[in-house]
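S.K.: Here the protein sequences line up with chains A and B, keeping their order.
Start counting the first sequence at 1; every next residue gets the next number (the numbering used here).
Start counting the second sequence at 1; every next residue gets the next number (the numbering used here).
Just to be clear, a hint being listed does not mean it is correct.
As the list claims (entries may be wrong) - Reference listing, derived: stretches of chain A covered by chain B, where coverage requires no fewer than 3 residues with Cβ under 8 Å from a Cβ of chain B:
1. 61–71
2. 91–98
3. 101–111
Said to hold, decoys possible - List of simulated lysine-lysine pairs, DSS-like, C-alpha gap at most 25 Å:
4. A:Lys68 <-> A:Lys17
5. A:Lys93 <-> B:Lys17
6. B:Lys17 <-> B:Lys69
7. B:Lys65 <-> B:Lys17
8. A:Lys93 <-> B:Lys18
9. A:Lys17 <-> A:Lys56
10. B:Lys57 <-> B:Lys18
11. A:Lys111 <-> A:Lys17
12. B:Lys71 <-> A:Lys93
13. B:Lys18 <-> A:Lys3
14. A:Lys68 <-> A:Lys93
15. A:Lys3 <-> A:Lys93
FYI, nobody ran anything at the bench for these hints, they're computed from the structure.
All values derive from a computational prediction rather than experimental measurement.
Backbone N, C-alpha and C define an ideal beta-carbon position, used for all residues, glycine too.
Now for the letters of each chain:
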Amino acid sequence: ELKVEQNPLFLSMQEGKNYTIYCNYSTTSDRLYWYRQDPGKSLESLFVLLSNGAVKQEGRLMASLDTKARLSTLHITAAVHDLSATYFCAVDKEEYGNKLVFGAGTILRVKS
Amino acid sequence: EAQVTQNPRYLITVTGKKLTVTCSQNMNHEYMSWYRQDPGLGLRQIYYSMNVEVTDKGDVPEGYKVSRKEKRNFPLILELPSPNQTSLYFCASRLTGTGRAFFGQGTRLTVV
Chain A
1 ELKVEQNPLF
11 LSMQEGKNYT
21 IYCNYSTTSD
31 RLYWYRQDPG
41 KSLESLFVLL
51 SNGAVKQEGR
61 LMASLDTKAR
71 LSTLHITAAV
81 HDLSATYFCA
91 VDKEEYGNKL
101 VFGAGTILRV
111 KS
Chain B
1 EAQVTQNPRY
11 LITVTGKKLT
21 VTCSQNMNHE
31 YMSWYRQDPG
41 LGLRQIYYSM
51 NVEVTDKGDV
61 PEGYKVSRKE
71 KRNFPLILEL
81 PSPNQTSLYF
91 CASRLTGTGR
101 AFFGQGTRLT
111 VV
């Protein structure tokens with residue numbers, strides 16, 4: 001069974017600081033995704049990671065994937081208030097019908 | 001503009017009164033799915049469809065029905081809504097079973 005755990009579930013940080021959100025998954029998966037959700041809004045795709053060692057960056061966010069450890073990280077560099085949102089990681093696998101299995105989400109609050 | 005459109009955005013109903021939430025996508029995607037989002041649980045898949053007339057259960061299908069008569073539409077039907085179906089619902093579509101998913105704006109359903 002595919003399971004995804006994120007931590008922390010809540011993160012309050014100061015502007016300008018760095019931090020990392022962790023995403024562990026229970027069994028090998030085909031792909032790993034990161035999504036962002038603003039309050040009351042839909043989910044926006046951030047990154048799709050396909051292979052071991054994959055690293056993708058956009059702005060102050062960088063995502064990486066270690067398939068051997070079954071771990072992905074979302075690193076935030078020099079946080080700004082606009083990054084406040086809920087971040088989800090998700091995995092899928094063909095033998096599970098390609099359904100996206102989500103973590104519980106990390107609520108990020110960046111304080112000025 | 002590529003999008004997934006859900007209606008209604010907000011719905012309050014009474015126990016046992018049948019309702020339908022519509023979902024339409026304009027990207028010619030084959031794969032569509034429904035999720036419910038509950039605090040602390042992330043998003044859980046209700047049903048998915050890999051193509052027209054092909055649907056299958058996700059993780060939490062009890063109390064829900066779907067149909068896929070046309071490629072673009074994937075309505076979610078609650079024939080006998082109950083209070084435990086109070087949740088935020090998202091429709092999503094993907095080109096095939098892989099790749100990033102595009103999410104609708106969400107439907108906040110309250111069953112009293």
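S.K.: A separate judgement is required for each hint: does it hold in the structure or not?
M.R.: Hint check results:
{"no.": "1", "hint": "61–71", "in the structure": "violated (count 0)"}
{"no.": "2", "hint": "91–98", "in the structure": "holds (count 4)"}
{"no.": "3", "hint": "101–111", "in the structure": "holds (count 5)"}
{"no.": "4", "hint": "A:Lys68 <-> A:Lys17", "in the structure": "violated, 29 Å"}
{"no.": "5", "hint": "A:Lys93 <-> B:Lys17", "in the structure": "violated, 36 Å"}
{"no.": "6", "hint": "B:Lys17 <-> B:Lys69", "in the structure": "holds, 23 Å"}
{"no.": "7", "hint": "B:Lys65 <-> B:Lys17", "in the structure": "holds, 14 Å"}
{"no.": "8", "hint": "A:Lys93 <-> B:Lys18", "in the structure": "violated, 34 Å"}
{"no.": "9", "hint": "A:Lys17 <-> A:Lys56", "in the structure": "holds, 20 Å"}
{"no.": "10", "hint": "B:Lys57 <-> B:Lys18", "in the structure": "holds, 20 Å"}
{"no.": "11", "hint": "A:Lys111 <-> A:Lys17", "in the structure": "holds, 10 Å"}
{"no.": "12", "hint": "B:Lys71 <-> A:Lys93", "in the structure": "holds, 23 Å"}
{"no.": "13", "hint": "B:Lys18 <-> A:Lys3", "in the structure": "violated, 32 Å"}
{"no.": "14", "hint": "A:Lys68 <-> A:Lys93", "in the structure": "holds, 16 Å"}
{"no.": "15", "hint": "A:Lys3 <-> A:Lys93", "in the structure": "holds, 11 Å"}
In terms of the numbered hints stated before, the structure departs from hints 1, 4, 5, 8 and 13, listed from lowest to highest.
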